[in-house]
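Number of protein chains: 2
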Amino acid sequence: MTYGHLDQLAINTIRVLAVDATFKANSGHPGAPMGMAPVSHVLFNKFMKFNPKNPKWLNRDRFVLSNGHGCMLQYALLHLFGYDVTIKDLEEFRKIDSRTPGHPEANDTPGVEVTTGPLGQGFANAVGLAIAQANTAATFNKPGYNLVDNYTYTFFGDGCAMEGVACEAASTAGHLQLGNLIAIYDDNHISIDGDTKVAFTEDVLKRFEAYGWHTQWVKDGDHDLEGIEAAIAKAREVKDKPSVIKLTTTIGFGSKLQGTGGVHGNPLKEDDCKAVKAKFGFDPEQFFVVPQEVYDSYHKHAAEGAALEAEWNQLFEKYGKEYKAEHADLSRRLSGLLPEGWEKKLPTYKPTDAAIASRKLSEAVLEAIHDVVPELIGGSADLTGSNNTRWSNAVDFQPPVLGIGDWAGRYIRYGVREHSMAAIMNGICAYGTLIPFGGTFLNFVSYAAGAVRLSAISHDRVIYVATHDSIGLGEDGPTHQPIETLAHFRALPNCMVWRPADGNETSAAYYIALTSKHTPSILALTRQNLPQLENSTIENAIKGGYVAVENPNADITLLATGSEVSLVIDTVKELKEKHGVTARVVSLPCFEVFDAQSKEYRLSVLPDGIPSLSVEVMSTLGWERYSHEQFGLNRFGASGAYKDVYKKFEFTPEGIAKRALATIDFYKGTKPRSPINRAFQQLI
Amino acid sequence: MTYGHLDQLAINTIRVLAVDATFKANSGHPGAPMGMAPVSHVLFNKFMKFNPKNPKWLNRDRFVLSNGHGCMLQYALLHLFGYDVTIKDLEEFRKIDSRTPGHPEANDTPGVEVTTGPLGQGFANAVGLAIAQANTAATFNKPGYNLVDNYTYTFFGDGCAMEGVACEAASTAGHLQLGNLIAIYDDNHISIDGDTKVAFTEDVLKRFEAYGWHTQWVKDGDHDLEGIEAAIAKAREVKDKPSVIKLTTTIGFGSKLQGTGGVHGNPLKEDDCKAVKAKFGFDPEQFFVVPQEVYDSYHKHAAEGAALEAEWNQLFEKYGKEYKAEHADLSRRLSGLLPEGWEKKLPTYKPTDAAIASRKLSEAVLEAIHDVVPELIGGSADLTGSNNTRWSNAVDFQPPVLGIGDWAGRYIRYGVREHSMAAIMNGICAYGTLIPFGGTFLNFVSYAAGAVRLSAISHDRVIYVATHDSIGLGEDGPTHQPIETLAHFRALPNCMVWRPADGNETSAAYYIALTSKHTPSILALTRQNLPQLENSTIENAIKGGYVAVENPNADITLLATGSEVSLVIDTVKELKEKHGVTARVVSLPCFEVFDAQSKEYRLSVLPDGIPSLSVEVMSTLGWERYSHEQFGLNRFGASGAYKDVYKKFEFTPEGIAKRALATIDFYKGTKPRSPINRAFQQLI
Ligand SMILES: [Ca+2]
Ligand SMILES: [Ca+2]
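Quick mapping for you: the protein sequence lines, in order, are chains F and P. So for the first sequence, full-length UniProt numbering puts the first residue at 1; every next one is plus one. So for the second sequence, full-length UniProt numbering puts the first residue at 1; every next one is plus one.
In case anyone wonders, no lab produced these hints; they're calculated from the structure. Please note that a few of the clues may not be correct.
One copy or two, either will do: identical chains are not told apart, so a pair holds if it fits within one copy or between any two.
Below are the SDA-like pairs computed for lysine to any residue, each with C-alpha atoms no more than 25 Å apart in a straight line [claimed, not checked]: (1) K658 - D329; (2) K599 - P672; (3) K24 - K46; (4) K671 - R625; (5) K279 - L257; (6) K648 - H518; (7) K197 - G179; (8) K643 - G194; (9) K300 - D84; (10) K88 - P347; (11) K269 - Q528.
Chain F on its own, in the form it takes in the complex (with noise of 0.2 Å):
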């Protein structure tokens, strides 16, 4: 294969393109792209397969943009492509409410599979593609229906390579081989700080080996054209070992501070801009052009995989002939609806059932629904026994050849790797057949939060099973009991964090986190058992808060969420016998669910004229939005068994009781306001 005129042009198109999106925005990296030019004109019309017109067909090759602040790259080949990025918004790079914001949006823009610009996430997530990827094969393709076989290409940069949870994710792909996975690494030995030569001298290619890839190093990424291809080959050919190609490349390859860290994140200055247009043998005194000659030949590639997906289309609908179930369970899947009548299976309990551990709980949600809903793929950060997250006769996600599991097993061994087991959640998800789950300690999910922040921009259905999840986890102690992480969860938007009381709000948390669609949630779960409630009902409790104890005339209201919900029960008794007052109790599982209910709905559990104690064993920060006073934990825990931590910060019903009578004095002769009565409306 031998390349010309066309494919330079091609290649300095993009460039100039990102040269001038960046010096209009007066903001970006011009860098990468320019430097990683050449390998994309390769790796997209070489060897992709993509149909712009719909850019969400399964079959196509996934790219991942992991160094995603050179999203120009990836705006300016969408662009030539023909997928609805048009010139205009190329102009309106990192302007509000363009489809080409700062970094690449999965929801903003037509083509872009993930969301990534936090470094390291996007190559996680490529691993989750990858996974999603070798699992829907090994589900639906049959002899001679190879439905699912494309692979995941991913370009990730020296800050890539240093992030752990990249790292993570590369020693996971490596034990599980995925063949199906191509990692590009822009070596151009810039970072922000200017030479890596100051923080990064390892040798990466022999890291990745270690890890258990194939690897290659293309020494020009520049120029050699032929090279970066003859590796992309060579790497597709490898189906045993996840491959990684290190291509050496100029950042800023055109400018006059080619090489240096002056082009990484900062527009070229004017006159640059015209000497590099000049150079590529543009009119300098032009912006945003784009020879015919190029879109051609671009288009020309894009009609290829409009073919091949309409190709595609006749054999899934002849597959549909053959096979009749599977076909329809992947297109049911395709829409993102679960199976119809998959609730009626969720477990539901009685008052005189047994005290089970809400960790417990939700295994036997999972054991229930693993058979009804099977896009559900899960696993644990080494965890299992602990988090209680692989049902029975679960089968390992693993290369058969290691002769401890298929590719076609629904169960995951993370390992010890929290933040990549969320972002490789995140890849998983944006495949499209599957809803992937993950288990570890609640305390934990703060090793993974820059992966639950991405699930939450990026509207991923992910479900953290996040045991263990508070002072109640006893002997381990203040490093393993969380304090701020309800808090910190609760404040990050479009993440549902639930801590169910019972079974029934175990099962309604489950119920409410597979149909939500655009939503990532957190299960927070208890080590410890947890008798099963009088008014707990999945109906109540998928309002996200309800009346546990209602009461009238009550003197007090007490709101409090999972092992503390029971705990406020015992007190009402004690505030009656001992003290003569009369209380009622809000069990509120999750305070985004409960405030998306109607003010009318919020005021009946909620009412004015009553003061209200919330009760719960972590930071009170943010529990004043939902009660006039706070009993909680603003210090860390202690090591001890549970009951002796729980006594010695007082949750008990007496030391409930003492601030429940504090609170009742306190607004003696007022009538409080309900917290829901606000003055204005939040921006959600």
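Go by the hints and put chain P with the ligands onto chain F.
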């Protein structure tokens, strides 16, 4: 060197103590202590210098148990050597308020250097301890005065090896050629999910080689004491690389379940406890038995350590005569006190001074004080030019052989590795001679959440320079704009979150951060310029909150932080001129510090009877604690020029005035109680 009966007896004593303590606690991890008893015996007796009677002796060797769940190993060693850890303390393992909590905590147990347990942290702390040692040695050692020449040893397991934070730290340590760091990898093939073959099949030594480490493998860590000794001796000789020794051991050595996951996180069954004791020649019916000859032998080594310290004290005294200034400086540093009068160097500003971004104001502080506070050592996670963390004549902390800095350099290039930066800072702080600061975008402090939490638990004086603190960063867009971050860290106990509004507030933030010996600080700083305010003084701001604009008979109090303070001050004018409404303004740069003021003072700032509205361009969660109504951003931001983004979300004088009027209207006819008045005191 040969080993005999007494060595084996000591090793088995450690094992049996771990068996007894976990059995008595009915909780804990016997496996790692039983497997790592041999290497501990060799390391502590043949190599480590320390004085149990003074666990804080500067030149002691540092030991970090990164696999902190194995803490009974460390507690047993501390007891045997004569630290203030008694048999009774071991009997109280994992009990409330004991000095033997479920994971090692630096402030609970004499001889525990850093708080570990959350996996990977200890390994990164050890890198920090080694950095601090190298820097302190280069700063204070003189010919004939090898004041500081200790090693840092760390044990780590498979879990730590998998965690991204440790991977990042290992890459940094390799780059920095830390010859004083020796890490011992407990290669026991077991983690909580069982055999590591399910998730962790990489070649760990090869990976460390790729990072630039010296590597060795001792294949029989259960028996080959000579091999262990030889490997450690060899590692000590390698001065230009950190060393890792892969030690293949049998987890739970001696138990019926040895070599399986069954001994990882659960006590041995009673019959197994007895069998272990019988096997090791102990009385199966007795508990917590230490043979006198083991005490004698360990106490002998402890006495040698005490003698070494006595020698060192003489050397240090002599040093004081020859190097008076250095002696005084080092002594002062060890006291934790700053140089007298240092605070006079803090920049102050007049309202007529130019508007400056608070990230630049932070730079001005560092520029002004770095000479008078020589223990300041800082850096950035590859955002030096954006975080403004480097004073103009700073020297990089680098191995001199690279030609780009030296060991006495005080600027650390952390690379794009936020999590390990934070964990390394915790280690630097723990060394005792330095105050670390580190820069990244506020949004990416979340990547480091696991380590920030340990800064707080461990009472570490570390400073997070967190720039680009809001939607005010503009074009980089939602993936980089914090929404939940301040709520997250405000909910974290013992962590000061500062969001200064101008120059004097920035100086105040540094003043409190540097003088708070036991608390980490996060300084949230703007990218955009901020005007210098009228009533802002260091004296006011160090109270955490103060009245920025007073107006008698005000209709409303407007509260804000950082960039929004000048905005609400503009709103005062808008309200007066267009609506005839009188407003007062409160700047609240640090909740935690404000909370520590007297109630009288807090009520003077937020008085009864006036409705209040808080304004901050991020999650409102938690603001209900200080204000009646809240204007914030409970959704993700947008990519665009910062003024356009502010305008989009109505953070303008008009937008704020609208909400202020709604607030006044809502509270009309009431005299709302100040949120400072509460029914009862919180547990802190
Ligand atoms: Ca780079
Ligand atoms: Ca292990």
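One pair to classify: K279 and L257, alpha carbons no more than 25 Å apart. Within, between, both, or neither? Within one copy only: 14 Å inside, 71 Å across.
Within a copy, between copies, both or neither: where do K24 and K46 come within 25 Å Cα-Cα? Answer is neither; intra-copy 31 Å and inter-copy 66 Å both fail.
Using 25 Å as the alpha carbon limit, work out where K648 and H518 are close: within a copy, between copies, both or neither. Classified as between: cross-chain Cα gap 24 Å, same-chain 41 Å, threshold 25 Å.
Intra/inter-copy verdict for K658 and D329 if alpha-carbon distance must be at most 25 Å: neither (56 Å within a copy, 52 Å between copies)
Check K269 against Q528 for me: Cα-Cα at most 25 Å, and say if that holds within a copy, between copies, both or neither. Cα proximity of K269 and Q528: across copies only (21 Å, versus 62 Å in one copy).
One pair to classify: K671 and R625, alpha carbons no more than 25 Å apart. Within, between, both, or neither? For K671 and R625, both the intra-copy (17 Å) and inter-copy (20 Å) Cα distances are at most 25 Å.
When no copy is specified for K197 and G179, does a C-alpha distance of 25 Å or less occur within a copy, between copies, both, or neither? Between copies only: 19 Å across, 32 Å inside.
Reference check for the pair K300 and D84, CA-CA at most 25 Å: within, between, both, or neither? Within. Shortest intra-copy distance 16 Å satisfies the 25 Å Cα cut-off; inter-copy 77 Å does not.
25 Å Cα threshold - placement of P347 relative to K88: neither (53 Å within a copy, 47 Å between copies)
Please sort K599 with P672 into within, between, both or neither, judging by C-alpha distance up to 25 Å. both (17 Å within a copy, 22 Å between copies)
Indicate which option fits the pair K643, G194 if close means a Cα-Cα distance not exceeding 25 Å: within, between, both or neither. Neither: 54 Å inside a chain and 30 Å across chains, both beyond 25 Å.
Hint compliance for this structure: hints 1, 3, 8 and 10 are not met, and every other hint is.
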